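**Q** Chains A and B, in that order, give the protein sequences.
Everything in the first sequence is counted per this note's numbering, starting at -14 for the first residue and increasing by one.
Everything in the second sequence is counted per this note's numbering, starting at 8 for the first residue and increasing by one.
Among the clues, some could well be false.
[To be verified] Heads up, simulated BS3-like pairs for lysine-lysine below, C-alpha to C-alpha not over 30 angstroms straight-line:
(1) B:64 <-> B:75
(2) A:27 <-> A:40
(3) A:40 <-> A:-1
(4) A:26 <-> A:49
(5) A:27 <-> B:75
(6) A:49 <-> A:-1
(7) A:26 <-> B:102
(8) A:5 <-> A:40
(9) A:5 <-> A:27
(10) A:40 <-> B:102
(11) A:51 <-> A:26
(12) A:27 <-> A:-1
(13) A:5 <-> A:26
(14) B:102 <-> B:64
(15) A:26 <-> B:83
(16) B:75 <-> B:102
(17) B:88 <-> B:64
(18) A:49 <-> A:5
(19) A:26 <-> A:-1
(20) B:83 <-> B:64
(21) B:102 <-> A:5
(22) A:27 <-> B:102
(23) A:5 <-> A:51
(24) A:27 <-> A:49
(25) A:27 <-> A:51
(26) A:49 <-> B:102
(27) B:83 <-> A:5
(28) A:40 <-> A:51
(29) A:-1 <-> B:64
(30) B:64 <-> A:27
(31) A:27 <-> B:83
(32) A:51 <-> A:-1
(33) B:64 <-> A:49
(34) A:51 <-> B:102
(35) B:64 <-> A:40
Hints in this document: simulated from the structure, not taken from any laboratory.
From a predicted model like this one, the values you see are computed outputs, not experimental measurements.
This is what each chain is made of:
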Amino acid sequence: GAVVSQHPSRVICKSGTSVKIECRSLDFQATTMFWYRQFPKKSLMLMATSNEGSKATYEQGVEKDKFLINHASLTLSTLTVTSAHPEDSSFYICSASTGGRGGYTFGSGTRLTVV
Amino acid sequence: GQNIDQPTEMTATEGAIVQINCTYQTSGFNGLFWYQQHAGEAPTFLSYNVLDGLEEKGRFSSFLSRSKGYSYLLLKELQMKDSASYLCAVLYDYKLSFGAGTTVTVRA
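Just chain A, with the same shape it has in the complex:
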């Protein structure tokens, strides 16, 4: 089945630094990937849609200069949290559409802690 690999699974960084999270589709090509954020015991909130070879589409209220998304190939999308602050601490998850009834496959998530 379709597999989406996300790295790192956990990261701790200092305030003011930047963190890059990678999302790879391992056995299929994903022209579109999605980035979500999830707070404890809350649902997934779509942050942006990543389109291969073009600019990402951000949801209302998401700062595009803070959450940089790059989708340079059909199998890789990256999310960079720039100048991270403690309030950016969260669980970030990517997903890709596999088409048909299989829906959307999710990466394993990245737990970001900013100290």
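Model the placement of chain B on the given structure of chain A, informed by the hints.
**A** Frame of chain A; chain B shown alone:
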């Protein structure tokens, strides 16, 4: 806007049946998904409904009524490993909007 409602928590006994309801009001509709999510892990696909009716897959079944904006996920013969959060998600314009999730606790 998108409004997707589901109960926050449910508790059931091992071997029992639990039904998780989901109501939605969205600006469009291309289908409804149910996902299972264990704490700290990514959601895993359970079911997809795009037409009205019941879809059965082993111990899990999902129902959809588009006219009522309503779906439910039915879990039968509950096992301890079914303790998890269950997310209802509506697909529109290729994007998924999620409900807040229902935490199901299975007790022995």
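**Q** Determine for every hint whether it applies to the structure shown.
**A** Comparing the hints with the structure gives:
Distance hint between residue 64 of chain B and residue 75 of chain B is fulfilled; the C-alpha atoms sit about 23 angstroms from each other, no more than 30 angstroms. For the suggested pair residue 27 of chain A and residue 40 of chain A, the alpha carbons sit about 28 angstroms apart, so the restraint of at most 30 angstroms is met. For the proposed pair residue 40 of chain A and residue -1 of chain A, the alpha carbon gap of about 28 angstroms is at most 30 angstroms, so the pair holds. Between the alpha carbons of residue 26 of chain A and residue 49 of chain A the distance comes to roughly 25 angstroms, so the proposed pair stays at or under 30 angstroms and holds.
Restraint check: the Cα-Cα separation between residue 27 of chain A and residue 75 of chain B comes to about 25 angstroms, which is no more than 30 angstroms; the hinted pair holds. The suggested pairing of residue 49 of chain A with residue -1 of chain A holds, with an alpha-carbon distance near 21 angstroms, which does not exceed 30 angstroms. Taking the CA atoms of residue 26 of chain A and residue 102 of chain B, the gap is about 22 angstroms. The hint holds against a cut of 30 angstroms. With a C-alpha separation of about 17 angstroms, the suggested pair residue 5 of chain A and residue 40 of chain A falls inside the 30 angstroms cut-off, and the hint holds.
Annotation: proposed proximity of residue 5 of chain A to residue 27 of chain A holds, straight-line Cα distance about 23 angstroms (limit 30 angstroms). Restraint check for residue 40 of chain A and residue 102 of chain B: satisfied, since their Cα atoms lie roughly 17 angstroms apart, inside the 30 angstroms limit. Under the criterion of a C-alpha separation no larger than 30 angstroms, the hint pairing residue 51 of chain A with residue 26 of chain A is consistent with the structure, at around 24 angstroms. A threshold of 30 angstroms between alpha carbons decides the hint, and for residue 27 of chain A with residue -1 of chain A the separation of about 25 angstroms falls inside it, so the pair holds.
A hinted pair counts as satisfied when its Cα atoms are at most 30 angstroms apart, and residue 5 of chain A with residue 26 of chain A qualifies at roughly 24 angstroms. Between residue 102 of chain B and residue 64 of chain B the alpha-carbon distance is near 24 angstroms, which keeps this suggested pair within the 30 angstroms criterion. Taken as a hint, the residue 26 of chain A and residue 83 of chain B pair is honoured in the structure, with Cα atoms around 24 angstroms apart against an allowance of 30 angstroms. Proposed proximity of residue 75 of chain B and residue 102 of chain B is supported: the alpha carbons are some 21 angstroms apart, at most 30 angstroms.
Our distance criterion of 30 angstroms between C-alpha atoms is met by residue 88 of chain B and residue 64 of chain B, whose separation comes to about 17 angstroms. Distance check on the hinted pair: residue 49 of chain A and residue 5 of chain A sit about 14 angstroms apart at the alpha-carbon level, within 30 angstroms; holds. Distance hint between residue 26 of chain A and residue -1 of chain A is fulfilled; the C-alpha atoms sit about 25 angstroms from each other, no more than 30 angstroms. Taking the CA atoms of residue 83 of chain B and residue 64 of chain B, the gap is near 11 angstroms; set against the 30 angstroms cutoff, the hint holds.
The hinted pair formed by residue 102 of chain B and residue 5 of chain A meets the criterion: a straight-line CA distance of about 23 angstroms does not exceed 30 angstroms. Taken as a hint, the residue 27 of chain A and residue 102 of chain B pair is honoured in the structure, with Cα atoms around 18 angstroms apart against an allowance of 30 angstroms. Of the supplied pair hints, the one linking residue 5 of chain A and residue 51 of chain A holds, its CA atoms being roughly 12 angstroms apart against a limit of 30 angstroms. Straight-line distance between C-alpha atoms of residue 27 of chain A and residue 49 of chain A comes to about 22 angstroms, which keeps the hinted pair within the 30 angstroms bound.
Straight-line distance between C-alpha atoms of residue 27 of chain A and residue 51 of chain A comes to about 22 angstroms, which keeps the hinted pair within the 30 angstroms bound. Using a Cα cut-off of 30 angstroms, the hinted pair residue 49 of chain A and residue 102 of chain B holds, with the two alpha carbons roughly 18 angstroms apart. Among the hinted pairs, residue 83 of chain B with residue 5 of chain A is inconsistent with the structure: their alpha-carbon atoms are about 41 angstroms apart, more than 30 angstroms. For the hint linking residue 40 of chain A to residue 51 of chain A, the alpha-carbon distance of about 15 angstroms falls within 30 angstroms, and the restraint holds.
Using a Cα cut-off of 30 angstroms, the hinted pair residue -1 of chain A and residue 64 of chain B is violated, with the two alpha carbons roughly 46 angstroms apart. For the hint linking residue 64 of chain B to residue 27 of chain A, the alpha-carbon distance of about 27 angstroms falls within 30 angstroms, and the restraint holds. A hinted pair counts as satisfied when its Cα atoms are at most 30 angstroms apart, and residue 27 of chain A with residue 83 of chain B qualifies at roughly 25 angstroms. Between residue 51 of chain A and residue -1 of chain A, the direct Cα distance comes to roughly 16 angstroms. Compliance with the 30 angstroms bound is thereby established for this hinted pair.
Only pairs whose Cα atoms come within 30 angstroms are accepted, and residue 64 of chain B paired with residue 49 of chain A is rejected, the gap being roughly 40 angstroms. Taken as a hint, the residue 51 of chain A and residue 102 of chain B pair is honoured in the structure, with Cα atoms around 22 angstroms apart against an allowance of 30 angstroms. For the proposed pair residue 64 of chain B and residue 40 of chain A, the alpha carbon gap of about 39 angstroms is over 30 angstroms, so the pair is violated.
Checked against the numbered hints given earlier, this structure breaks hints 27, 29, 33, 35; the rest are met.
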